[in-house]
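Residue numbers (the numbering used here), protein chains in the order written: chain A, 1 to 299; chain B, 1001 to 1299.
It cannot be assumed that every hint is accurate.
Stated by the list, open to error - Okay, the calculated bits of chain A under chain B, using three or more residues with CB under 8 Å as the criterion:
{"id": "1", "stretch": "28-39"}
{"id": "2", "stretch": "61-68"}
{"id": "3", "stretch": "90-103"}
{"id": "4", "stretch": "115-129"}
{"id": "5", "stretch": "168-176"}
{"id": "6", "stretch": "193-207"}
{"id": "7", "stretch": "259-273"}
By construction, these hints were calculated from the structure, which means they are not laboratory data.
Yeah, the Cβ is synthetic: ideal placement off N, Cα and C, and Gly gets one too.
Number of protein chains: 2
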Amino acid sequence: MNDAKPQLGYIGLGIMGAPMAKNLLDAGHPMTVWNRTAAKAQPLIDAGATLADSPADVLTKGASIVFINVTDTPDVEAVLFGERGLASAAVAGTVIVDHSTISPDATRSFAERLAKQGVDFIDAPVSGGDTGAKNGTLSIMAGGRREALERVLPLLNIVGGKVAHLGAPGSGQACKACNQVAVVTALIGVCEALALAKQSGLDLDQVLEVVGGGAGASWQLSNLGPKIATADHAPGFMIDLVLKDLNIVLDTAKRQGLPLDAAAHVTSLFQQIAEQGGGRLGTQAIAKAVEAAGGFRFA
Amino acid sequence: MNDAKPQLGYIGLGIMGAPMAKNLLDAGHPMTVWNRTAAKAQPLIDAGATLADSPADVLTKGASIVFINVTDTPDVEAVLFGERGLASAAVAGTVIVDHSTISPDATRSFAERLAKQGVDFIDAPVSGGDTGAKNGTLSIMAGGRREALERVLPLLNIVGGKVAHLGAPGSGQACKACNQVAVVTALIGVCEALALAKQSGLDLDQVLEVVGGGAGASWQLSNLGPKIATADHAPGFMIDLVLKDLNIVLDTAKRQGLPLDAAAHVTSLFQQIAEQGGGRLGTQAIAKAVEAAGGFRFA
């Protein structure tokens, strides 16, 4: 290993990937990028990154550490094991860091397959949204071999404010699943509390302030409560994405024999909003399901 | 009105009432107290309060502002309108402040009946637990006539850190109902998140820290998450009391045509724990229902 900064690869330049890649590039790391829609790579190219024509090409152009930031389990599988995927070109010692939120079980299987070629696969899903991605303040939940994680830790510290190592491959994804359960149940609670407040004729701002000052306080209440009260359903974090995450949660829980009734209930409400064409609204649009059930409108 | 501090009455010297009355007494207010179990009044008597032999006697002994801090709607009704109740002795200008958490609808009715004798009834349920009661840092959600509230505001500021005036009689109780919805739904979310974490083999302390640093953060997670993880079910706030509150919530919501499915689900779990003899455990003991459904134990 020489003193130069390692050459990085970045695959998936969406709403999260683009600003995270930019922060790594701005820190002076040479970078090769690939995105399914090549046009989305242009701002990174303009900032000095090199364009690859496939995931494998990211490696053949010299990257030794590759970040993946795509949507779902099949997307990660395609980037890894599809035609001209990373596995077809990765040499022993390569580290692949997956920031996508995908299945913990699939993650373990991907890590095992890659380990056979001496390649480390680190699951590192994040929490903190596009604002956290821009500001480099994301919480990162990492699973994987400690030695490999330590090698990429300086890079994770550039894109995140906090990195937790939960354990073996898949444990970062498992922690993200837990995170999503806490998030969505708090959210439905805020919706139901505000529905009761609305139908009781209370001033919703006042209720949010008082409830937020006590045992009912939550990130969801402070951040999404005011949007629910004013029927502002712009994302933020999209319903389609949280639905994808919740299906992972419920699959994982089912295999563990856990019912998770509250999370399942919220999932059914998100499903309802998505089926009505609201999949690209923010998660707070779950309020529309509570409105429909109660026959009222927040605003 | 003379310059002397008004003589206060205090009815209900339980886990909340006793420290709240003590804070008023310590601020130099002459006080007459009554409690169903007279022995519980002794520490206040020792500190300088006068003992009354009925709610009405609190008034005949000179109190012009009376606080009530009892458990449920029928308890408040008995203190107000029962034999030797407050209504039998209250003169025009008396203000009654009810810190109990009871039905918003019953509160409106009590206020209307008392208004006929020129007596103000202010609903002022609190949030913040026995610690908040001791430290005088409670959040107080008040409903009632503004002029009457302003008269007692200096006293409320002694027992609470924050006083919100929500509007007409009953609106303080309505706000408390909303508060409880946000509280218990966040709590079941923390339970389910930790259940998933436990069954995924994660370190629960680490999960609480990471999840608590992001969009899953809540008062319930920070304060009750560690107790759930270690199966510490000591109260805190008792299941029997939150069940009483949730029945008020669901009654109120039903009359408004609101289903509140998540709050109803949590209510059924609390009911289950209470039926198994756990009514005097802390609210975090709802984790036992999640354990039973999943066939595992947190600790």
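Against the structure, the hints come out as follows:
no.: 1; hint: 28-39; in the structure: violated (count 0)
no.: 2; hint: 61-68; in the structure: violated (count 0)
no.: 3; hint: 90-103; in the structure: violated (count 0)
no.: 4; hint: 115-129; in the structure: holds (count 3)
no.: 5; hint: 168-176; in the structure: holds (count 3)
no.: 6; hint: 193-207; in the structure: holds (count 12)
no.: 7; hint: 259-273; in the structure: holds (count 7)
Comparing the model with each numbered hint stated earlier shows that hints 1, 2, 3 do not hold.
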